[in-house]
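Just so you know, the sequences run in chain order A and B. Each residue of the first sequence is one higher than the last, beginning at 0 in numbering that gives the first Met the number 0. Each residue of the second sequence is one higher than the last, beginning at 0 in numbering that gives the first Met the number 0.
No lab work stands behind these hints, which were simulated from the structure alone. Built from N, CA and C at the ideal position, the CB exists for glycine as well. A portion of the hints provided could be inaccurate.
[To be verified] A few chain A residues facing chain B, derived, Cβ under 8 Å:
{"no.": "1", "residue": "3"}
{"no.": "2", "residue": "5"}
{"no.": "3", "residue": "111"}
{"no.": "4", "residue": "113"}
{"no.": "5", "residue": "114"}
{"no.": "6", "residue": "169"}
{"no.": "7", "residue": "173"}
{"no.": "8", "residue": "174"}
{"no.": "9", "residue": "175"}
{"no.": "10", "residue": "177"}
{"no.": "11", "residue": "216"}
{"no.": "12", "residue": "271"}
{"no.": "13", "residue": "360"}
{"no.": "14", "residue": "361"}
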Amino acid sequence: MGEIKAMTGNTAAAVGAALSRPDVIAAYPITPQSSVVEYLSDLVHNGSIASTLVATESEHSAMSVLQGVASAGGRAFTATSSQGLAFMYEPYYQMSTMRLPMVMALVTREMISPCTVWGGQQDAMSVRDAGWIQLYAENNQEIMDMIIQGYLLSEHKDVLMPVNVCYDGFYLSHLVERVDIPEQSKVDAFLPAVSFDHVVLDPLRPMAVDSLTSGEVLMRYRMSHLEAMQKTLDVLEEVDEKFYAAFGRKYGGAIEEYRCEDAEFVILTIGAMTGTARDAVDYCRDNGTKVGLIKLRYTRPFPQQRLIKALAGKKGFAVIEKSVCYGWNTGPMYVETRSAVSETLSGLSHFSAIGGLGGADISLNHMISVIDTLQASLNTPGQKQTLWLVKE
Amino acid sequence: MKEIRLHGRGGQGVVKASQIVVKAAVGAGGYGQFIPFFGVERKGSPVFGFLRLDDKAIRRNMQVYEPDILLIFDDTLIELPSVYEGLKEDAVVIINSKKTIQQLNIPSQVREVAIVDATAISLDIFGKNIPNTAMLGAFAKVTGLVDKEILLDEIAAEFGEKNRTAALDGYNRVQSTQLK
Numbered sequence: 000m001g002e003i004k005a006m007t008g009n010t011a012a013a014v015g016a017a018l019s020r021p022d023v024i025a026a027y028p029i030t031p032q033s034s035v036v037e038y039l040s041d042l043v044h045n046g047s048i049a050s051t052l053v054a055t056e057s058e059h060s061a062m063s064v065l066q067g068v069a070s071a072g073g074r075a076f077t078a079t080s081s082q083g084l085a086f087m088y089e090p091y092y093q094m095s096t097m098r099l100p101m102v103m104a105l106v107t108r109e110m111i112s113p114c115t116v117w118g119g120q121q122d123a124m125s126v127r128d129a130g131w132i133q134l135y136a137e138n139n140q141e142i143m144d145m146i147i148q149g150y151l152l153s154e155h156k157d158v159l160m161p162v163n164v165c166y167d168g169f170y171l172s173h174l175v176e177r178v179d180i181p182e183q184s185k186v187d188a189f190l191p192a193v194s195f196d197h198v199v200l201d202p203l204r205p206m207a208v209d210s211l212t213s214g215e216v217l218m219r220y221r222m223s224h225l226e227a228m229q230k231t232l233d234v235l236e237e238v239d240e241k242f243y244a245a246f247g248r249k250y251g252g253a254i255e256e257y258r259c260e261d262a263e264f265v266i267l268t269i270g271a272m273t274g275t276a277r278d279a280v281d282y283c284r285d286n287g288t289k290v291g292l293i294k295l296r297y298t299r300p301f302p303q304q305r306l307i308k309a310l311a312g313k314k315g316f317a318v319i320e321k322s323v324c325y326g327w328n329t330g331p332m333y334v335e336t337r338s339a340v341s342e343t344l345s346g347l348s349h350f351s352a353i354g355g356l357g358g359a360d361i362s363l364n365h366m367i368s369v370i371d372t373l374q375a376s377l378n379t380p381g382q383k384q385t386l387w388l389v390k391e
Numbered sequence: 000m001k002e003i004r005l006h007g008r009g010g011q012g013v014v015k016a017s018q019i020v021v022k023a024a025v026g027a028g029g030y031g032q033f034i035p036f037f038g039v040e041r042k043g044s045p046v047f048g049f050l051r052l053d054d055k056a057i058r059r060n061m062q063v064y065e066p067d068i069l070l071i072f073d074d075t076l077i078e079l080p081s082v083y084e085g086l087k088e089d090a091v092v093i094i095n096s097k098k099t100i101q102q103l104n105i106p107s108q109v110r111e112v113a114i115v116d117a118t119a120i121s122l123d124i125f126g127k128n129i130p131n132t133a134m135l136g137a138f139a140k141v142t143g144l145v146d147k148e149i150l151l152d153e154i155a156a157e158f159g160e161k162n163r164t165a166a167l168d169g170y171n172r173v174q175s176t177q178l179k
């Protein structure tokens with residue numbers, strides 16, 4: 000066991016990054032991410048870590064710098080949120096389609112307008128089809144652990160894709176709680192220095208990278224990227240097991256099932272709201288309701304097979320989200336979950352629940368209301384009206 | 000699990016104080032969680048925060064709607080309906096005030112009221128109104144939820160020795176009254 004300390008989610012992310020020994024950190028501040036890179040810049044300044052810090056003039060430049068770092072075979076880290084991510088989008092997409100590994104903390108926040116700086120998951124969900132691996136943490140321990148796991152996954156030869164460790168702005172980024180910090184020597188053993196089999200950019204051996212490509216060839220890139228995404232589903236489970244062997248903690252891979260075994264129906268959650276949902280499930284179980292919980296940890300790749308298994312034999316599901324899917328009048332992961340179980344969907348009762356936008360609270364009562372609403376609809380299969388978790 | 004809601008004004012150190020409580024709880028081998036609520040960030044505007052303490056891991060990630068304990072850093076805030084809202088039966092109110100209990104409109108479910116003039120302590124020691132560490136001393140005395148010595152050490156490490164004195168003053172000067 001390492002040192003136990005109370006810290007914010009942003010500090011946990013920064014410590015996780017520092018333990019992973021990145022060669023270069025490049026970033027631009029934005030709420031609620033800023034203290035991640037402020038903490039790291041202190042560590043660089045006082046000599047605690049050997050990373051090079053590049054304070055860029057924008058997020059677009061931060062990601063562009065890190066593209067160079069990863070192309071040259073280095074380990075890269077940054078963090079951003081919301082409008083910063085939006086401004087980063089061009090090199091962000093290119094990072095994944097050039098199949099460059101790195102880890103970025105995505106401190107999730109609502110998108111403007113109306114003007115807001117508070118929580119939500121709309122920023123991360125909006126870029127779910129940009130070729131990155133995306134995972135969501137429930138608490139500060141998981142943030143730190145998943146940054147470390149993220150590098151091993153990202154740099155795996157069958158993966159070679161950048162990873163977003165997403166966590167709730169304010170509700171985790173500024174929440175203080177107990178975290179067990181892994182020892183540096185154990186992290187070094189778990190996550191060796193980065194090395195690649197493939198050729199890397201070297202100024203002494205000039206080469207062209209990312210040249211103009213015809214559609215026929217480009218399609219092969221996409222096929223290979225999509226196949227690698229599917230392969231990632233296996234690799235992420237292996238990485239989680241390896242982490243467990245090294246540190247004694249594991250998270251269940253792409254999803255975690257909580258009290259699902261004998262459950263009649265389940266709720267699905269993403270990120271920090273999961274803790275509240277666990278309390279709600281326990282409360283309803285105590286009152287005789289056979290409800291379970293699926294924590295959706297990875298959204299990219301989407302864990303279709305595991306969800307099919309987890310939902311087999313259940314009578315219904317509700318997906319609770321802090322983001323919206325325009326055009327569907329639901330949350331985005333609801334659309335994907337129903338798509339994943341489309342073969343058995345007709346027998347199920349299901350709906351989307353949306354809450355926590357712009358920093359709004361998702362309370363225990365909200366969670367219980369989702370469970371009660373779903374239970375009441377079990378005898379009439381089909382999609383029910385979207386439930387908005389507004390103030391009671 | 001004890002659920003605590005803090006009410007103060009921007010600049011009074013509500014967030015820093017709560018972080019110290021969590022550090023002290025974790026330092027003593029327990030569990031703590033603090034979620035600050037950020038509104039518009041400016042000096043003087045009402046701010047609040049949500050603190051939980053337990054001897055096992057805390058899972059819920061949400062605001063505190065039914066507090067066991069209220070920690071009020073500024074007694075003018077009690078005019079806001081949201082301050083006394085949702086108090087549990089037998090709740091404890093710890094308030095920075097020069098007023099008497101009768102002047103504080105204490106709701107009927109409150110079991111204990113603890114009054115400390117943390118502003119006077121702060122003005123004496125720092126020459127300005129940053130009552131947070133004096134309030135923490137009062138909190139430690141009234142609730143017994145954090146180890147006094149660990150808390151004082153955390154305060155001194157974070158803010159310096161003068162704040163240890165402020166916390167001790169808060170600890171010694173808080174006046175507690177049982178209403179039930």
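Tested hints:
no., hint, verdict
1, 3, "7 Å, holds"
2, 5, "4 Å, holds"
3, 111, "16 Å, violated"
4, 113, "14 Å, violated"
5, 114, "11 Å, violated"
6, 169, "6 Å, holds"
7, 173, "5 Å, holds"
8, 174, "5 Å, holds"
9, 175, "5 Å, holds"
10, 177, "5 Å, holds"
11, 216, "46 Å, violated"
12, 271, "4 Å, holds"
13, 360, "5 Å, holds"
14, 361, "6 Å, holds"
Hints 3, 4, 5, 11 from the earlier list are contradicted by this structure; the remaining hints agree with it.
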